[in-house]
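Colleague: Here is what each chain is made of, one letter per residue.
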Amino acid sequence: MTNTILINTLRFILLVLLQVLLLNNINFLGYVNPYLYVLFLVVYPFNTPQSLFLIVAFLLGITIDAFEDSGGINAAACVLIAFIRPAFLRFSFGVSYDYQTVKLSNTPYGARVGYVMLIVFIHHFVLFTLEMFDFSHIFLILKKTIFSGIFTTLLILISLTLFKPKRR
Amino acid sequence: MQQIFNFLIRNKNNILFLLLMSLSIFLTIQSHSFHKSKFISSANVVTGGIYNWANNIKTYFHLEEYNERLVEENKQLRSLIANLPDTTNTGLFLDSVPNTGVYKFMSARVINNNYSRINNYITLYIGENSGIEKENGVITSQGIIGIVDHVNRKHARVISILNSNSQINAQLKKTFHFGSLVWDGKDPNMVQLIDVPRQAPVEVGDTIVTGGRSLIFPQGIPIGKVDAFTLDPNESYYTLQVKLFNDMTNIGHVYVIENTEKEEIQELEAIND
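Note that the protein sequences, when read in sequence, are chains Z and Y.
Start counting the first sequence at 1; every next residue gets the next number (this note's numbering).
Start counting the second sequence at 169; every next residue gets the next number (this note's numbering).
Next up, chain Z with everything else stripped away, as it sits in the complex:
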């Protein structure tokens, strides 16, 4: 248990630093940035209480917002993802989630990609909508969502493959 807390704290700090110091400066083609910190929400332990997950997600978002001076847009997107993640898990991995037995590393690859994409694209759509705060920019929002979303999904899948837990 202590081990889980320690690992998640370290992951939190590492992902935030990576995001604000490196990834926010990529600006590929002027506006495409990956938001790798979403990885934290993807791999956060599935069996922790939902209320704790909501609070942690909020903290993650608000930390990123403090660095980016963006008000509360990342916090809003993260809290929303934390709230609907159980539904995504049930949708992607079926009934095994209900018995709390599912582990991300030994789910079928297709289901895992679907799960990551669902989270990433909904997160990005909420993020960019709140950033623009204006539905007349809907095409710009969609463009940013799609390009940044693809970039983020790729990075998350690569990280998941690289940091796979060792098989016992």
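It is worth saying that the hints were derived from the structure and are not from the lab.
Honestly, I wouldn't trust all of these hints.
Label-pair distances were calculated between CB atoms; the ranges are [as the list claims (entries may be wrong)]:
(1) Z:L17 / Y:R366: 48 to 54 Å
(2) Z:G114 / Y:Y405: 49 to 55 Å
(3) Y:Y228 / Z:G114: 55 to 61 Å
(4) Y:S348 / Z:I84: 38 to 44 Å
(5) Z:K164 / Y:Y234: 39 to 45 Å
(6) Z:G30 / Y:S275: 26 to 32 Å
(7) Z:T161 / Y:M169: 51 to 57 Å
(8) Y:T227 / Z:G30: 22 to 28 Å
(9) Z:L22 / Y:S298: 27 to 33 Å
(10) Y:K302 / Z:I146: 36 to 42 Å
(11) Z:G30 / Y:M169: 54 to 60 Å
(12) Z:S51 / Y:L399: 54 to 60 Å
(13) Z:T48 / Y:E431: 51 to 57 Å
Sample of chain Y residues facing chain Z (criterion: CB under 7 Å; computed from the structure) [claimed, not checked]:
(14) F185
(15) M189
(16) I193
(17) S209
(18) T215
(19) A222
(20) I225
(21) K226
(22) L231
Cut-off 25 Å, straight-line C-alpha distance, at most; resulting in silico cross-link-like pairs (SDA-like, lysine to any residue) [unchecked claim]:
(23) Y:K226 / Z:N8
(24) Y:K354 / Z:Y31
(25) Y:K322 / Z:V16
Note that beta-carbon positions come from the ideal geometry of N, C-alpha and C, so glycine has one too.
Given chain Z's structure and the hints, the job is docking chain Y onto it.
Modeller: Just chain Y now, kept in the frame of chain Z:
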């Protein structure tokens, strides 16, 4: 009573979600209104400290370029001095920044710079300790950068001109027709000068400088060149596309300008009302 508690416990996740969500939305809305976001910003001790630490490393890679810019600026200043006796109003800087010292200049280092979002901010490593105040102007040798909106002891946050909330008074250099400088969020090298009266003889390539109507910037600081212009649908105002002299994606050191007579002028204007 029992039932209320049961209801709360049963729905604690939904209630917590609504609470956190409304808090985030509240902060978002606050950040979209000018001069309001205060609690969560990149100019606090932790975020500013981390940016400063990272920037200390990054600056070394740009030293050569910053040196070149300094040499270039020195060259310009020297040529201004050399031409001083025989030209009285070629350099607009000369008119408006007299030796009486209305404007105080301070140099600062940029430790964080955004330009890919709609509302961009810049963080400076200079703060109240050095006499920085809210609403001070920020420029480089090539043009304007933005306005200070939030200060703490060691760091200051600047609303970049690449921010949809930013509105700066600017004018054509050759005539004195002025308008408001805004940004449409698309290209970090292009800003828009809106509400320029139709009578203004605008041409592509004209220089845009800061206007004298604001208390923040001295008059005549260069901003950019006109790249294209269109008449508004109601045909009474021009909208100019201005290409910035500054490369907003690469700012190293900046000057912060303080207008020492600002309070006096504001007091006078308050009496007029």
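Colleague: Each hint should be assessed against the structure and marked as holding or not.
Modeller: Results for each hint:
1. In this structure the supplied range 48 to 54 Å holds for L17 (chain Z) paired with R366 (chain Y), their Cβ-Cβ distance being about 52 Å.
2. For the pair G114 (chain Z) and Y405 (chain Y), the supplied restraint of 49 to 55 Å holds, since their beta-carbon distance comes to about 51 Å.
3. Between Y228 (chain Y) and G114 (chain Z) the beta carbons are some 45 Å apart, a value that contradicts the proposed interval 55 to 61 Å.
4. The hinted range of 38 to 44 Å is satisfied by S348 (chain Y) and I84 (chain Z), whose Cβ atoms lie roughly 42 Å apart.
5. In this structure the hint that K164 (chain Z) and Y234 (chain Y) lie 39 to 45 Å apart at CB holds, the actual value being about 44 Å.
6. Between G30 (chain Z) and S275 (chain Y) the Cβ separation comes to about 29 Å, which falls inside the hinted range of 26 to 32 Å.
7. Remark: the range hint 51 to 57 Å for T161 (chain Z) to M169 (chain Y) is upheld by a beta-carbon distance near 53 Å.
8. In this structure the hint that T227 (chain Y) and G30 (chain Z) lie 22 to 28 Å apart at CB holds, the actual value being about 24 Å.
9. Take L22 (chain Z) and S298 (chain Y): their Cβ atoms lie about 29 Å apart, and the range 27 to 33 Å holds.
10. The hinted window of 36 to 42 Å between K302 (chain Y) and I146 (chain Z) holds, with their beta carbons roughly 39 Å apart.
11. Range check, G30 (chain Z) to M169 (chain Y): Cβ separation about 58 Å, and the 54 to 60 Å hint holds.
12. Taken as a hint, the range 54 to 60 Å holds for the pair S51 (chain Z) and L399 (chain Y), whose Cβ atoms sit roughly 57 Å apart.
13. The hinted range of 51 to 57 Å is satisfied by T48 (chain Z) and E431 (chain Y), whose Cβ atoms lie roughly 55 Å apart.
14. Given hint, F185 (chain Y) at the interface with chain Z, holds; its Cβ is 5 Å from that chain's nearest Cβ, closer than 7 Å.
15. Nearest Cβ of chain Z to the Cβ of M189 (chain Y): about 5 Å, under the 7 Å cut. The hint holds.
16. Interface restraint check: I193 (chain Y) against chain Z, minimum CB-CB distance 6 Å, threshold 7 Å, status holds.
17. The closest approach between the C-beta of S209 (chain Y) and any C-beta of chain Z is roughly 6 Å, which is under the 7 Å cut-off, so the hint is satisfied.
18. The closest approach between the C-beta of T215 (chain Y) and any C-beta of chain Z is roughly 5 Å, which is under the 7 Å cut-off, so the hint is satisfied.
19. With its C-beta approaching chain Z no nearer than about 5 Å, A222 (chain Y) sits inside the 7 Å limit, and its interface hint holds.
20. For I225 (chain Y), the suggested interface contact is broken, since its CB lies about 10 Å from the closest CB of chain Z, more than 7 Å.
21. For K226 (chain Y), the shortest C-beta to C-beta distance to chain Z is roughly 9 Å, which exceeds 7 Å, and the interface hint is violated.
22. For L231 (chain Y), the suggested interface contact is broken, since its CB lies about 19 Å from the closest CB of chain Z, more than 7 Å.
23. Straight-line distance between C-alpha atoms of K226 (chain Y) and N8 (chain Z) comes to about 29 Å, which puts the hinted pair past the 25 Å bound.
24. At most 25 Å may separate the alpha-carbon atoms for a hinted pair to count; K354 (chain Y) and Y31 (chain Z) meet this at roughly 9 Å.
25. Taking the CA atoms of K322 (chain Y) and V16 (chain Z), the gap is about 23 Å. The hint holds against a cut of 25 Å.
Checked against the numbered hints above, the structure breaks hints 3, 20, 21, 22 and 23 and satisfies the rest.
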